[in-house]
Amino acid sequence: MDLATLIGMIGAFGVVLAAIFIGGDITQFIDVPSMLIVIGGGLAATLVRFPLAGLMGAFATGGGVAFKHKKVEPRDVIEKVSELADVVRKSGPLGLEGVTVDDPILAKGVQYIADGYEPSFIKDSMERERDLFIERLKEGKRVFKALGDAAPAFGMIGTLVGLVQMLANMDDPAAIGPSMAVALLTTLYGALVSNVICIPICDKLDAKLDTEDLNQTLIIDGIMQIRENKSPALIREMLIAYLPESQRAAFQEAA
Amino acid sequence: MDLATLIGMIGAFGVVLAAIFIGGDITQFIDVPSMLIVIGGGLAATLVRFPLAGLMGAFATGGGVAFKHKKVEPRDVIEKVSELADVVRKSGPLGLEGVTVDDPILAKGVQYIADGYEPSFIKDSMERERDLFIERLKEGKRVFKALGDAAPAFGMIGTLVGLVQMLANMDDPAAIGPSMAVALLTTLYGALVSNVICIPICDKLDAKLDTEDLNQTLIIDGIMQIRENKSPALIREMLIAYLPESQRAAFQEAA
Amino acid sequence: MDLATLIGMIGAFGVVLAAIFIGGDITQFIDVPSMLIVIGGGLAATLVRFPLAGLMGAFATGGGVAFKHKKVEPRDVIEKVSELADVVRKSGPLGLEGVTVDDPILAKGVQYIADGYEPSFIKDSMERERDLFIERLKEGKRVFKALGDAAPAFGMIGTLVGLVQMLANMDDPAAIGPSMAVALLTTLYGALVSNVICIPICDKLDAKLDTEDLNQTLIIDGIMQIRENKSPALIREMLIAYLPESQRAAFQEAA
Amino acid sequence: MDLATLIGMIGAFGVVLAAIFIGGDITQFIDVPSMLIVIGGGLAATLVRFPLAGLMGAFATGGGVAFKHKKVEPRDVIEKVSELADVVRKSGPLGLEGVTVDDPILAKGVQYIADGYEPSFIKDSMERERDLFIERLKEGKRVFKALGDAAPAFGMIGTLVGLVQMLANMDDPAAIGPSMAVALLTTLYGALVSNVICIPICDKLDAKLDTEDLNQTLIIDGIMQIRENKSPALIREMLIAYLPESQRAAFQEAA
Amino acid sequence: MDLATLIGMIGAFGVVLAAIFIGGDITQFIDVPSMLIVIGGGLAATLVRFPLAGLMGAFATGGGVAFKHKKVEPRDVIEKVSELADVVRKSGPLGLEGVTVDDPILAKGVQYIADGYEPSFIKDSMERERDLFIERLKEGKRVFKALGDAAPAFGMIGTLVGLVQMLANMDDPAAIGPSMAVALLTTLYGALVSNVICIPICDKLDAKLDTEDLNQTLIIDGIMQIRENKSPALIREMLIAYLPESQRAAFQEAA
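Protein sequences, first through last, are from chains A, B, C, D and E.
Sequence positions in the first sequence follow this note's numbering and run 202 to 456.
Sequence positions in the second sequence follow this note's numbering and run 202 to 456.
Sequence positions in the third sequence follow this note's numbering and run 202 to 456.
Sequence positions in the fourth sequence follow this note's numbering and run 202 to 456.
Sequence positions in the fifth sequence follow this note's numbering and run 202 to 456.
Some hints here could point you the wrong way.
No copy is singled out in the list; a pair is fine if it fits within one copy or between any two copies.
As the list claims (entries may be wrong) - In silico EDC-like links for lysine to aspartate or glutamate, alpha-carbon gap of 20 Å or less:
1. Lys291 with Glu429
2. Lys269 with Asp304
3. Lys339 with Asp407
4. Lys339 with Glu298
What the hints contain is simulated information worked out from the structure, not anything from laboratory work.
For clarity, every value in this text was computed on a predicted model and none was experimentally measured.
If we strip away everything but chain A, and leave its shape as in the complex, we get (with noise of 0.2 Å):
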C-alpha cells in the first residue's frame, strides 16, 4: 500500500466533511443529478479524447499504482539481485527454484534464468513488459490529467445550468436560496474531484514513472548479470554505478 496517497487523500476528504458536519446538514450536500453532471460528463469528455479500450486500461492501472504501488528501494533490489547471484554461484541456475521472490518482475527474471532461456530472449522479454508498463503509466497520467481537466468545467456547467432554471423560475422567493445552493453543489464536486483525486494521482503517477523506470531497468540488468553468472561482488558494483549521483551517495552512505 502507498500509505501517503491513502492518508492524504482521506484526509482531504475528511477535513471537507468535517466542515460540512459541523456546519449542520450532510444531506444538503448530496445530489443524485449533479453527481451525475461532474462524474458522467467528465468521464465522457474524457472518453472521446482517449480511445475507449486504453481508457478502461490507463484508468485501472493508473488507479492501482498511485494507492497500491510499493516503493521499492534501489538499494534492496541491488541486495536481493546480489544474494540471487550468490545462489546461482553456488547451486547453479536451478538453486533458484526454491527462491522465494517478492517483487513480480524480479520473479519472472529469476523464472526464467530457473527455465534457462537464452540472454537475449530475457532480456527483450523483460524490456518489453517494462516499456509496455511505463506506456500505460503515461497513458494513466494523461487520463487523470484529461479528467482533472473536464471535471470543474462540467461543474462549471452544471452550475449554470442550475442557475438559468433558479433565475427562470424566481415565483417563489423562499426556493431562491435552496436552488442556488443546488447549483453550486456541481462546482464543488468539480474542485473536489480535480484537486483531491485527479490532480495528486497524477503528479503522483509522474513521479513514479522515473522511479519505476529506473528500477525494472536496474532488476533487468541485475538479471543479465546473474544468467551471465557474474560474481555478486562485480554486480553489485555495477548496478551501483547505475543509479544517478544522489542515490548513489545514499547507498554508500549506508554501505
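Given chain A's structure and the hints, the job is docking chains B, C, D and E onto it.
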C-alpha cells in the same frame, strides 16, 4: 466509426440534457440569438485567423477524422501487406487486380502496383498524399483549438450584453430573473461548445496525428517492398522494425 | 483584400450588434468615457512597452497586412518568375521594361535587372527589405498581443471604477441598475477589443510571417536566377525544390 | 528621457482619473489602508523572494532605465566611434582629452585610452561593468515581475478582508454600499499597480536588455579598435558586421 | 538569519492584520474549521503527491533554508579558503586543528584534511553531501509549490461548502451576512497561505539553489586544493576562475 468519440460526446450532452429535464423545462435553455452569438461569433473570430478555403477543409477533415476514422492496428496493416506480398509472389502484380483491400490508402498503392507504375513514382505520389493528409489534420487541430478559445469568449460577451440590457431596464422586478437566465445561456453555450466539442476533438486529432503518420508510412513502405518483389517473411520482419518499441512488443507478444 | 479577415471581423461584430438590437436599444451600449478607458488606457499601457515611433509603424504595418495583404500562392510566384525568365532569354534584360508585374517586390527586382545592377547589390538590397518587412510584421504581432492583454485589464479597471462610484452613492435605488450597466460596459468593450480585433489579428500575422518569408525568399531567388540568365525550366525546377514538402506536393499535383 | 514610458504611464493613469472625475468624487477612490495593503503587502511579498540589498538596487536601476534611459542608436555609436578613431589617428591618444563624449560608457572608454591603459585592462574593466549593468537590469525585471504578480494578489486579499468586515456587520443597510466600495478599492489598486506600472516596465526592461547588451558591446569593441589604432574606415566596417541583419540593413540604407 | 524573508513575511502579514484591526474586530477573521480546511486539506492534497518521509524532510529543509540560511558571499569563501591554505603551508595539515571555521561544510572539509583522509574520499564524501542538500532543496521547492497550488483550491472548496450551507438555510435573513463572511474566510486563508508563504518561499528556494550549488562547489574545490598543498595565491586564482562572469567582476573590483 470511432465509437469513443461518439459515445463520449453523446454521453456528455446526455448528462447535461438529463440535468435540464430533471429541473423542468428545456425551452428555458433554448435561445436562438444566444446561439448565434456563441456559434456565429466564435466561427467569425476563427475565420479571421485562417484563410477561408482552408477553414472549411480543415473543419471537414478534422471532424471527419475525429468521428469516422477507424483506428487501424499496425498489426493488421502488416498482416495485410504480407498477404498481398504473397499474392504478388505467386501470381505476379496482375494477381492484385482480384484482391479487395478495405483501407483506401493501401488500395491506392495496390492499384499503382497492378498498373505497373515505377517505384519512384509510387513513393512520391503516396508520400505526397500522406503529407497533405497530415497537414490537413494539423490545420483541423488548430481550427478546433481556435474555436475552443473563441466560443467561451463570445459566451462571456453575450452574457455581458444581456446583463447590460437587463440592468438598464429594471422597471419590472419580475423580469429580472428570466432576463438574467437568458443572459447566462451564452456562457453555458460557450462552455458546452468548448468543453464537449472543441477541446476533446482537438486532443483526439492530436492523438490521431501520430498513429496516422505511422500507419501510412508503414503502408507506403510495405507497398514499396511488394513492388520490389520482396518475400512476405522479409517484408514482415522489416515492417516490424519500423514500429516504436512499445508497439513492437505488443505485436511480438501476439505473434 | 484579405476577405477572411474582413468577413470574420464584420461577422463577429455583426452577431454582437444583432444581439444588442434584438434586446432593444443600442444607446445603452455606447458610453464615450468607457471607450476612452479601454482604448485609451490599453493604448497607453502598450505605449509604455514599445518605443513611440515603432508603435505607430508596427500598428500600421500589422493592420495593413492583416486586412489588405493578398495571399500570394507560391505557385503563381514560380509561374510568373519563369515567364519573366523566358522574356529575358528572348529579348535580354531590356525586354523586361515592357512587362507589367503586379507584386511590388517582384516588380522592384525586375526593375533592378532592367537597370542592370550587379547581382550582389540586388541580393543585398532585396534581402534587406524582406528582413525589414518581416521585422515590422513581428513587431506588429507583439503590439497587437500587448494591446490584446491590456484592453481586458483596462476593461476590468473601468468596471471597478464604475462599481465603486455606484456603491458609494446608493441613495437612489432606481439608479443602481443603470449605473451597474454602464460599469459593465468597459468589461464588454475590453472583451470585444481583445477577442474580435487583437487576438485574431495577432494570430493572422503569425500565420502570414511564415508564408511571407517563404514567398519573398522565392522571389529573391527567382530574380537572382533570372539575373544570371538561367533557363526558365531550370529556374522552375530549382524554385520548387525550395518549397516545404506539403506545398511542393500540391504544386506537382497541379502540374 | 524615455518619452514613450512617461507618456504611456501618464496617459494610462490619465484616462482612469478622467473616468473617476466624470463620475464624481475622487475622495471615494482614496483610501490609505487599502493602499497600504496593496503596495506594502506587495512589496513585502516581493522582499521575501529577493535579498534585501539587491531589491533596492534592482528597483532603482530598473525604474531609472525604464524612465530615463535614452535609446542610443547603434548608428550614432558607430559614427561617434569612427569620429574618435579619426581624432586618435590625427593627434594621438592625448588628442581625446579635448573631446566631449555624451554617452557615459563611451566617455569612460575614451578616458581609459587617453590615460594610456593596457588594452587587456580596458577590455576587462568595461566588460565587467557591462555585465554588472545587464545583471542589474535582469534583476530589475524580475523584481517588477514579482511585484506585478503580488499586487493583484494583495488586492484580492484586501477585498476579501473588506468583504468579511462588511458582511459581519450588516446592521446598517445604508453602510453596505460604501463599505463594499472601499473593499473593492484594493482590487482596483492592485490592477492599476500591476497593469499600468509593473507589467509594462517589466516588458520595457526586457526590450532594453537586448539593445543595451548590443550597444555596450559595440562601444567596447569600438574602444578596443581605437586603442589599437585601427583606421576609422576599418572600424566602421567591423562594427557594422556586429549588427543583426535587420539593423545592419537599416544602417546601410542610410549610408 | 535571512532577514529579507523574515521582514518580508512579517510585513506582509502585518499590513493585512493592520487592515483587519482598522476595520474593527479580529475575532471575525478567526475560524478554526476554516483554517482546518485550508491548511489540513492543502497539506493532505500535497501529501498524496509526495512520499510521506520525503514530505516532512523537504518541508523542514526548505523552511529552514528560506528563513535561517545566511547568504555566503563567494568572496568570503575564497578568502577563508586561502587563509586555511596559508595555515597548511606554514604548519601542515595538523595546523588546521586549532582553526575555527564557521561554515559547517567548510568545517567538515577542514576536519577531513586534519584527519588525513585520502583526497578521493574527501571529494566523494563532500560531493555526496552537496548533492543530497541540493536534492532536498529541490524537493522542498516542489513541496511549497504544490502547497501553494492546493491552498487556494481548498480555500475555494471551503467557501463553496459555506455558501451551500448558508443558501440552504436562509430562514433567518440576519444570519446571511455573517454566514457569508465565514464562508469567505477560507478563500482569504488560501490566498494568504499561497501568496504570503508558499509562492515567495518557493521562489526564494529557487534562487538559493544556484548560489548554494556554486558555494559548495567552491568550498569542495578549495578543500581539494588545500589537501594537495597548493599555494594560497594559486588557489585564490583558480577559485576566482570558477565564478560566473558577473560575480568574478564584482570580486575583482573589490580586489
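Verification of the supplied hints:
no.: 1; hint: Lys291 with Glu429; result: within (14 Å within a copy, 45 Å between copies)
no.: 2; hint: Lys269 with Asp304; result: within (13 Å within a copy, 43 Å between copies)
no.: 3; hint: Lys339 with Asp407; result: both (8 Å within a copy, 16 Å between copies)
no.: 4; hint: Lys339 with Glu298; result: neither (34 Å within a copy, 44 Å between copies)
Checked against the numbered hints listed earlier, the structure breaks hint 4 alone; every other hint is satisfied.
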